[in-house]
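Engineer: Just so you know, the protein sequences line up as chains Z and Y, in that order.
Using this note's numbering, the letters of the first sequence map in sequence onto residues 88 to 303.
Using this note's numbering, the letters of the second sequence map in sequence onto residues 153 to 382.
Just so you know, these hints were derived from the structure itself, not from any lab.
Among the hints, erroneous ones may be present.
Far from chain Y, by Cβ distances over 12 Å, these chain Z residues were calculated [claimed, not checked]: (1) 201; (2) 238; (3) 297.
A short, non-exhaustive set of chain Y residues, derived as facing chain Z with CB atoms under 7 Å [to be verified]: (4) 165; (5) 190; (6) 193; (7) 196; (8) 229; (9) 231; (10) 235; (11) 236; (12) 237; (13) 238; (14) 248; (15) 251; (16) 253; (17) 354.
The beta-carbon is built from N, C-alpha and C at its ideal position, and this holds for glycine as well.
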Amino acid sequence: MTVSLDKEQTSTIKDDFFEKHEDFSISGNEIDKMALYNQELIDRTQSATESQFSIGNDATTNSLVTNDSFIKSTVNTKKIKTFDFKKLPKLDVSQILSDSYYVDLQEFEGIVVSVSKDKKTFKARLLNKSTKENFLGTFNIDEIPSGDKELFKMGAIFIWKLGKEQNNGTQQNISQINFRRLPSFRKSSLKKIEQSAKERAYAFRRLTDKTTSSTE
Amino acid sequence: MTKNTSFSYVPENRTVSLVFVGHFSPLMFQPYWFSNHKILSEIEVEAILKTQKSSVIAPNISVFSTPQLQFIVKENRMEVTAFKESFLAAKDAAKKIFEGLENTTITAMGINTASHFKMPSLAKYHKFGDRLSPKDLWKDFLKENMSGDNRKGGLLQLQMVNNKPDGKGKQVVSIEPSSRFSPGIFINCNDHYDFSEMTDADSVMDVLEENFDTTLKYFLDIQLSLFKGL
Numbered sequence: 088m089t090v091s092l093d094k095e096q097t098s099t100i101k102d103d104f105f106e107k108h109e110d111f112s113i114s115g116n117e118i119d120k121m122a123l124y125n126q127e128l129i130d131r132t133q134s135a136t137e138s139q140f141s142i143g144n145d146a147t148t149n150s151l152v153t154n155d156s157f158i159k160s161t162v163n164t165k166k167i168k169t170f171d172f173k174k175l176p177k178l179d180v181s182q183i184l185s186d187s188y189y190v191d192l193q194e195f196e197g198i199v200v201s202v203s204k205d206k207k208t209f210k211a212r213l214l215n216k217s218t219k220e221n222f223l224g225t226f227n228i229d230e231i232p233s234g235d236k237e238l239f240k241m242g243a244i245f246i247w248k249l250g251k252e253q254n255n256g257t258q259q260n261i262s263q264i265n266f267r268r269l270p271s272f273r274k275s276s277l278k279k280i281e282q283s284a285k286e287r288a289y290a291f292r293r294l295t296d297k298t299t300s301s302t303e
Numbered sequence: 153m154t155k156n157t158s159f160s161y162v163p164e165n166r167t168v169s170l171v172f173v174g175h176f177s178p179l180m181f182q183p184y185w186f187s188n189h190k191i192l193s194e195i196e197v198e199a200i201l202k203t204q205k206s207s208v209i210a211p212n213i214s215v216f217s218t219p220q221l222q223f224i225v226k227e228n229r230m231e232v233t234a235f236k237e238s239f240l241a242a243k244d245a246a247k248k249i250f251e252g253l254e255n256t257t258i259t260a261m262g263i264n265t266a267s268h269f270k271m272p273s274l275a276k277y278h279k280f281g282d283r284l285s286p287k288d289l290w291k292d293f294l295k296e297n298m299s300g301d302n303r304k305g306g307l308l309q310l311q312m313v314n315n316k317p318d319g320k321g322k323q324v325v326s327i328e329p330s331s332r333f334s335p336g337i338f339i340n341c342n343d344h345y346d347f348s349e350m351t352d353a354d355s356v357m358d359v360l361e362e363n364f365d366t367t368l369k370y371f372l373d374i375q376l377s378l379f380k381g382l
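Okay, chain Y solo, but in the shape it has when bound (with noise of 0.2 Å):
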């Protein structure tokens, strides 16, 4: 009798990040601000300054992270990245960045996930690939490498991005091969705001506090439902 067992694809290595766009000053962002405005405590911007190998604060970028955040700031762009659970570190983070910035200007907002998948075999691996980009048009192209557990070419990244019935934004899920996992897929998954209209932080914070959780669900289940049936 064969013991018939089902694998869970199941998401690891998750990351969340918020993305602003927007007329920031790096230099301002620094660990030390960080701390001022509680946004860190002492003890984690006291590590952050001890191991600077990965910290860069100057006029034009501000670049340092903590064990579960990081945080970019170039002129036009800010990003707050959670490397790990609990995800809403990174939101309460960003909505204590603009605490006090209520008047910033921010005139579009990412809300993006990632996730690896490990796949259990190679033939899962190709089969998914082949599910989101069937290979007969290819057979030209891809010859023998068309099919097989051991082939040498098919699938190297997919995009597929919806655009919001408004018109001020668009979703977009990407797929590659994972670089954590192998074979594994790396699933990103990008919410994007526009807010050429609306362009105060405050209101930002309010559509980011609106939106976040539901993002965060509706991304998982969408990364969830391409592995149905495989």
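Just chain Z, same shape as in the assembly (with noise of 0.2 Å):
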């Protein structure tokens, strides 16, 4: 048996959709909103207790379109996306939102510990900050960035950056170099290693006055 749904019937099933689906703001462009729909109507469809049933007008030939003949023609279309997810409404507290950010990042602290003849390479021992690694590595001078350039010498401390770089939905492989720009030691810093350099030095001089008299 044949059921039909007349046009208004078929219009309160799309105003239902939209209506449900309101707030459905991730990705607003028609194609995905009607890809939704067409899962809908599919869902629908395939839920009915009759076997075969219209499900309106086709809007070109006007003839009847059995939900048979409907799910056919919408499999075979675009690929129907299934959203998942929806956002909720933002706070008024702004999240810094940088347009780009690192991906499966590891870091390494970097000390120069020479350079080569010609200028062009230099050796730096390398500490990953995670696994605490030692390790030395050799470096092309031409990979610090022109504005770090000042800072480069024998002693230098840098962080290398290995990974990836997103960018505005795109990934990128990255391998920086910069180098760190540190205070000079303070007054007050000085004083401090002065103090510790004079305590130290009176403990080694009391272990060792106290080591020769022990052994006298």
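Once you've looked at the hints, go ahead and assemble the two chains, each given alone in its own frame, into the complex.
Structural biologist: Quick look at the structure:
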């Protein structure tokens, strides 16, 4: 037995759908909305108790469209995206969102230990900040950003970043060196270091004196 | 046979901000001052001045940024933010800023770190919120939005505070939906230091140096612990 749905009933299905998904705001383009709408129709027709029923009139031919033919035609069209999430209202607290960020990043702290005679490469002692492994690496001096070249010298400390950079939907591998702009030692720090050195020297002297007196 | 794959909750788009409360002259902290004091390179400063649309230099506020760092200086507050790794850049920049300003008054400092976490599904997203805030007590308020993956209500923001034993500060963890990922969670952690008795920048920099690494690691562990068993 064929059940007919008139235009009004078909229109109600469409209105119901868009009412249910009115906060559908993630990707609001029409194609995606229609894809979901089609999926909804398929779901409803598949759950219908009647084996076959019409769901409306074809817009171009005005002939009756049944659930069978609709399903077949819809499944072959554009792949239906399923959206399993929706945005909740935003809070009035700004979250810093930079244009790009790093993914799968490894950071190494490096110290320049030598420079090649032709001044094209340099060697550095590297420390993997996650695994704490130490090793020696060789870098091209050209890899140093122009703004950091003034900081390059023996003993200079840098951070080497290895990983991927996510930038507006695209991802690219990165290998970046940035030299640290460290402050000079402050007077208070120098005083502390001096004090610490004096205390250690005193402790060693006492230890030496004790050792000497015990062997006599 | 069903393949069991576990999802890794990874902090993404991390940022670190250092905030100093005190008395500052925003007009002094303009880009050339930063290059003169070797806090930024001349090339970075030239780039800042070229892209002036996101820079403000005025008597009461100074705002500008490089691809990695942002500086906001108001008369009573200074913020140094690292948008991305290495976060040491924020600490180094702050210490260089106060290098010649040891006697500047600083009454409070904040070490803040924030991360975005992608959630694998709406179900996990809501489970995260339900664990933080069980909905049983809210059934009269939420009604049909108490449960289900497509619910239209729930937890919007949560803050947890822990005051320091010495009474000179607190730590705050704030959780809200991520504006980077959907579904996603944004977790902001703040380590606040009150320096009402110790106000010179020199001493504050000592505290920063002592606590920067441990605070970031501690908060990262706290953030990750919120996803255990999810």
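Engineer: Taking the hints in turn, state whether each one holds.
Structural biologist: Here is what the structure says about each hint:
1. Every CB of chain Y lies more than 12 Å from the CB of residue 201 (chain Z), the least distance being 23 Å, so the non-interface label holds.
2. Some Cβ of chain Y comes within 12 Å of the Cβ of residue 238 (chain Z); the nearest lies about 8 Å off, and the non-interface call is violated.
3. The beta carbon of residue 297 (chain Z) sits about 34 Å from the closest Cβ of chain Y, which is more than 12 Å, so the claim that it is off the interface holds.
4. Of the supplied interface hints, the one on residue 165 (chain Y) holds, with its beta-carbon coming within about 4 Å of a beta-carbon of chain Z, less than 7 Å.
5. The criterion of a C-beta within 7 Å of any C-beta in chain Z is met by residue 190 (chain Y), whose closest approach is roughly 6 Å, and the hint holds.
6. The beta carbon of residue 193 (chain Y) comes within 3 Å of a beta carbon in chain Z, closer than 7 Å, and the hint placing it at the interface holds.
7. Because the beta carbon of residue 196 (chain Y) sits about 5 Å from the nearest beta carbon in chain Z, less than 7 Å, this interface hint is met.
8. Residue-level restraint check for residue 229 (chain Y) is violated (minimum Cβ-Cβ distance to chain Z is 15 Å; threshold 7 Å).
9. The closest approach between the C-beta of residue 231 (chain Y) and any C-beta of chain Z is roughly 10 Å, which is over the 7 Å cut-off, so the hint fails.
10. Evaluation of the residue 235 (chain Y) hint against chain Z yields a held restraint, the C-beta minimum of about 4 Å falling below 7 Å.
11. Given hint, residue 236 (chain Y) at the interface with chain Z, holds; its Cβ is 5 Å from that chain's nearest Cβ, closer than 7 Å.
12. Here the hint on residue 237 (chain Y) is kept, as its CB sits about 6 Å from the closest CB of chain Z, short of 7 Å.
13. Because the smallest distance between the Cβ of residue 238 (chain Y) and any Cβ of chain Z comes to about 4 Å, under 7 Å, the interface hint for this residue holds.
14. This hint holds: residue 248 (chain Y) has a C-beta 5 Å from the nearest C-beta of chain Z, less than the 7 Å allowed.
15. At its closest, the beta carbon of residue 251 (chain Y) sits 4 Å from a beta carbon of chain Z; the interface hint therefore holds under the 7 Å criterion.
16. A hinted interface residue such as residue 253 (chain Y) counts as satisfied when its beta carbon comes closer than 7 Å to some beta carbon of chain Z; here the least separation is about 11 Å, so the hint is violated.
17. Look at residue 354 (chain Y): its Cβ gets to within about 6 Å of chain Z, closer than 7 Å, so that hint holds up.
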